[in-house]
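*Asks:* Given next are the chains, with one letter for each unit.
There are 2 protein chains.
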Amino acid sequence: METSVPGRAETRLQAKILTRLRDAGPQSRIQLSEHFEVSRTTIGTELGRLTALHLVEEIGPAASRGGRRSTVIDLAGHVRFVGIAIGATSVSSAVTDGRLRVLAFERTECDVRRGPEPVLELAAEQGRRLLVKLGVDRPLGVGVSVPGPVDFSRGIPVSPPIMPGWDGYPVRDVLGRRFDCPVLLDNDVNAMALGEQHTGVAGTVENFLFVKVGTGIGCGIVAKSELYRGMDGCAGDIGHIPVADSDAICVCGNTGCLEASFGGGALARDALAAARSGRSPMLGELLERNGTLTAADVGEAVGAGDPVSVQLVRDGGRRVGEVLAGLVSFFNPSLIVLGGGLTLLGHILLAEIRGTIYRRSLPLATRNLPIVMSDLGARAGVIGAARLVSQEAYEVSR
Amino acid sequence: METSVPGRAETRLQAKILTRLRDAGPQSRIQLSEHFEVSRTTIGTELGRLTALHLVEEIGPAASRGGRRSTVIDLAGHVRFVGIAIGATSVSSAVTDGRLRVLAFERTECDVRRGPEPVLELAAEQGRRLLVKLGVDRPLGVGVSVPGPVDFSRGIPVSPPIMPGWDGYPVRDVLGRRFDCPVLLDNDVNAMALGEQHTGVAGTVENFLFVKVGTGIGCGIVAKSELYRGMDGCAGDIGHIPVADSDAICVCGNTGCLEASFGGGALARDALAAARSGRSPMLGELLERNGTLTAADVGEAVGAGDPVSVQLVRDGGRRVGEVLAGLVSFFNPSLIVLGGGLTLLGHILLAEIRGTIYRRSLPLATRNLPIVMSDLGARAGVIGAARLVSQEAYEVSR
Chain A
83 METSVPGRAE TRLQAKILTR LRDAGPQSRI QLSEHFEVSR TTIGTELGRL
133 TALHLVEEIG PAASRGGRRS TVIDLAGHVR FVGIAIGATS VSSAVTDGRL
183 RVLAFERTEC DVRRGPEPVL ELAAEQGRRL LVKLGVDRPL GVGVSVPGPV
233 DFSRGIPVSP PIMPGWDGYP VRDVLGRRFD CPVLLDNDVN AMALGEQHTG
283 VAGTVENFLF VKVGTGIGCG IVAKSELYRG MDGCAGDIGH IPVADSDAIC
333 VCGNTGCLEA SFGGGALARD ALAAARSGRS PMLGELLERN GTLTAADVGE
383 AVGAGDPVSV QLVRDGGRRV GEVLAGLVSF FNPSLIVLGG GLTLLGHILL
433 AEIRGTIYRR SLPLATRNLP IVMSDLGARA GVIGAARLVS QEAYEVSR
Chain B
83 METSVPGRAE TRLQAKILTR LRDAGPQSRI QLSEHFEVSR TTIGTELGRL
133 TALHLVEEIG PAASRGGRRS TVIDLAGHVR FVGIAIGATS VSSAVTDGRL
183 RVLAFERTEC DVRRGPEPVL ELAAEQGRRL LVKLGVDRPL GVGVSVPGPV
233 DFSRGIPVSP PIMPGWDGYP VRDVLGRRFD CPVLLDNDVN AMALGEQHTG
283 VAGTVENFLF VKVGTGIGCG IVAKSELYRG MDGCAGDIGH IPVADSDAIC
333 VCGNTGCLEA SFGGGALARD ALAAARSGRS PMLGELLERN GTLTAADVGE
383 AVGAGDPVSV QLVRDGGRRV GEVLAGLVSF FNPSLIVLGG GLTLLGHILL
433 AEIRGTIYRR SLPLATRNLP IVMSDLGARA GVIGAARLVS QEAYEVSR
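Heads up: the protein sequence lines correspond to chains A and B, in order.
The opening residue of the first sequence carries number 83 in the working numbering; numbering runs sequentially from there.
The opening residue of the second sequence carries number 83 in the working numbering; numbering runs sequentially from there.
It is worth saying that the hints were derived from the structure and are not from the lab.
A hint or two may mislead.
Same chains, same names: a pair is fine if it fits in one copy or spans any two.
To be verified - The list that follows gives simulated cross-link-like pairs (lysine to aspartate or glutamate, EDC-like), each with its CA atoms no further than 20 angstroms apart:
id: 1; residue 1: Lys306; residue 2: Glu477
id: 2; residue 1: Lys98; residue 2: Asp156
id: 3; residue 1: Lys306; residue 2: Glu288
id: 4; residue 1: Lys306; residue 2: Asp179
id: 5; residue 1: Lys98; residue 2: Asp457
id: 6; residue 1: Lys215; residue 2: Glu404
id: 7; residue 1: Lys306; residue 2: Asp233
id: 8; residue 1: Lys306; residue 2: Asp219
id: 9; residue 1: Lys215; residue 2: Glu140
id: 10; residue 1: Lys215; residue 2: Glu203
id: 11; residue 1: Lys306; residue 2: Glu116
id: 12; residue 1: Lys215; residue 2: Asp156
id: 13; residue 1: Lys98; residue 2: Glu474
id: 14; residue 1: Lys215; residue 2: Glu139
id: 15; residue 1: Lys306; residue 2: Glu474
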């Protein structure tokens, strides 16, 4: 076992060095040696291998601490990742550097129901265009997220309710051929949770939930600083938890699911009913003007003080809060981050979700629990997708 | 950093070797070297240190695989742990060897509401008696569990609803002085989950829930093979998740908690009401005979075919199942193990819980999900408490 081919322990140390440089920025050799509690010789050996692989480079001398000067190491300047976030109604791509800072970003409206081939074609063109713009030949990896359950190990969507035609489609492999590099596929909420962990408010906490309230409702779970996927990779699928006093039929085939009583689709449906019945003249006007009603129209009506619209948002927030209250008692997170399209509904939604959670969870579990809106918006997904594949790229044995 | 004092990496390897011997039994030097992918020299160095610390010993030559014979290593024969499980109505203790095999066990009825001093006195005497019986001078550690929330790092109960007088009592330190060794305190469900992981049905799965339905209702969470405690250590406190259609007042001060509508206390209360109102003549007879009614009496009435008692158990099982169904969608576990006193109610309870979970969780999350009764009974808690402290004992820097 004692040969010059690096073993598992060495590969792990390499991955740890790369991850440390990604998350904490440039480090001197001494800092790395102290951080990982290994000798400078060991660090030197692994940095030598990583330099030969063009993954790290020296960027100059460290500030003197007395004695021999240390040199500062950074991720190689040419390292690039692509993050692609396919949403229900949009496709976003970013190219990042090794530290996952966004160098270029693009977002296009696109209905995921058009099916995998045109949507992936659009995503691949978007990513390719950004790479060309930045003069990048080949990224180190591409991370992709989709708004539905994913078999992570096989890189395919599994029975995604709002993605007709995508079930079992080899998303990972198709994009792998397009980009000629490793590709990883995950669901949107997992990617967004990783994005919040990397750049957002969740950077310093070990256990948190990222809750997306958009066309669908789902949750990314970070436990002990790592994404938790569950046995079948469907952990966090909270949109189909039944809520009290609802018999709405869900796209999944059951009745009373959270997602069937709130979320983009449900809100538009309820707004339409309120407009047609004459209960909300304001929604009625918006319907007449636009020909249809969306969650954004409800947001507009809320902003204009329409009491029926405010009530729809409050009812929805309460239901989201009821489900989350139970999960807070169960999971005892340090933080809840809310994201997704419906956060455009703003503080009325947030207040109702917060109020319900604080009222109905175990007091011990909420005494220090912040519940906040994401401030990354559409970038959470692409940064998270890039982080996902960076982890893989940095951990590959060499 | 390169001195002969072992650094963090070496200490970790020592802990890993001890844990491997605990969980997989005796191993040859070659097996350990291959398992951890380190050189035989490295393994030899660490085994030398562990031998000097009287933690491991050679127990003979390994079966020949050609070449030089390897020797087989085991945990030292004198290593002993004590596990103590304080329940709502009983105290159990066990002494185990280094592999956590129970060498002696004792269980005594004892009401936890008597307060910390008499109960801990009884627990200490119980443990001490077993140690004397086995000729053990000093155990390597003592693990203790109590039926309420615990501040794990400080070793004290925190506002435990069913343990009057215990709030903030220094359980860990008091027992530490009694046993003159390291003591760790955790809540009962966490200990039981660890017991199931070590000896029970949960030995091979990464993510599972141990659900205790006893006087109270709670849940131990194992994620990625490790106990998950949450930010405040109160993860798994599912007894206070609200259930639909219940306005029962809970000991915690809220209304509609799961634990207020089912569990030992709630079941006795509902049975008493059914006996007094004449709705169940059989429960009425049991009340007259015994002067009071307990969950065990309901079990007897269920066995004798009393329809009112069967209905009470079914209603309770359905409520437990509804809460668990949501948690299954959220956590996507590989296994649910049910334990606690109310499992004496048997297959009617199990069937109702199973039926509700399978009907109301995400199909993807339940397609391979076994829901089983614990077969360890009272031993889950003591084995788990011993495992808890063995982890600590094996990980201490040396």
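*Asks:* Would you mind marking each hint as holding or not holding in the structure?
*Replies:* Against the structure, the hints:
1. Lys306 <-> Glu477: Close inside one copy (19 angstroms) and across copies (19 angstroms); limit 20 angstroms.
2. Lys98 <-> Asp156: within (13 angstroms within a copy, 32 angstroms between copies)
3. Lys306 <-> Glu288: Classified as both: same-chain Cα gap 5 angstroms, cross-chain 15 angstroms, threshold 20 angstroms.
4. Lys306 <-> Asp179: Close neither inside one copy (26 angstroms) nor across copies (31 angstroms); limit 20 angstroms.
5. Lys98 <-> Asp457: neither (28 angstroms within a copy, 41 angstroms between copies)
6. Lys215 <-> Glu404: neither (47 angstroms within a copy, 53 angstroms between copies)
7. Lys306 <-> Asp233: Between copies only: 18 angstroms across chains, 22 angstroms inside a chain, cut-off 20 angstroms.
8. Lys306 <-> Asp219: Result: close neither inside a copy nor across copies, 36 angstroms intra and 38 angstroms inter.
9. Lys215 <-> Glu140: neither (27 angstroms within a copy, 65 angstroms between copies)
10. Lys215 <-> Glu203: within (18 angstroms within a copy, 74 angstroms between copies)
11. Lys306 <-> Glu116: neither (23 angstroms within a copy, 28 angstroms between copies)
12. Lys215 <-> Asp156: Neither, since 24 angstroms and 62 angstroms both go past 20 angstroms.
13. Lys98 <-> Glu474: within (12 angstroms within a copy, 25 angstroms between copies)
14. Lys215 <-> Glu139: neither (24 angstroms within a copy, 64 angstroms between copies)
15. Lys306 <-> Glu474: both (19 angstroms within a copy, 18 angstroms between copies)
Hint check: violations occur at hints 4, 5, 6, 8, 9, 11, 12 and 14; the rest are consistent with the structure.
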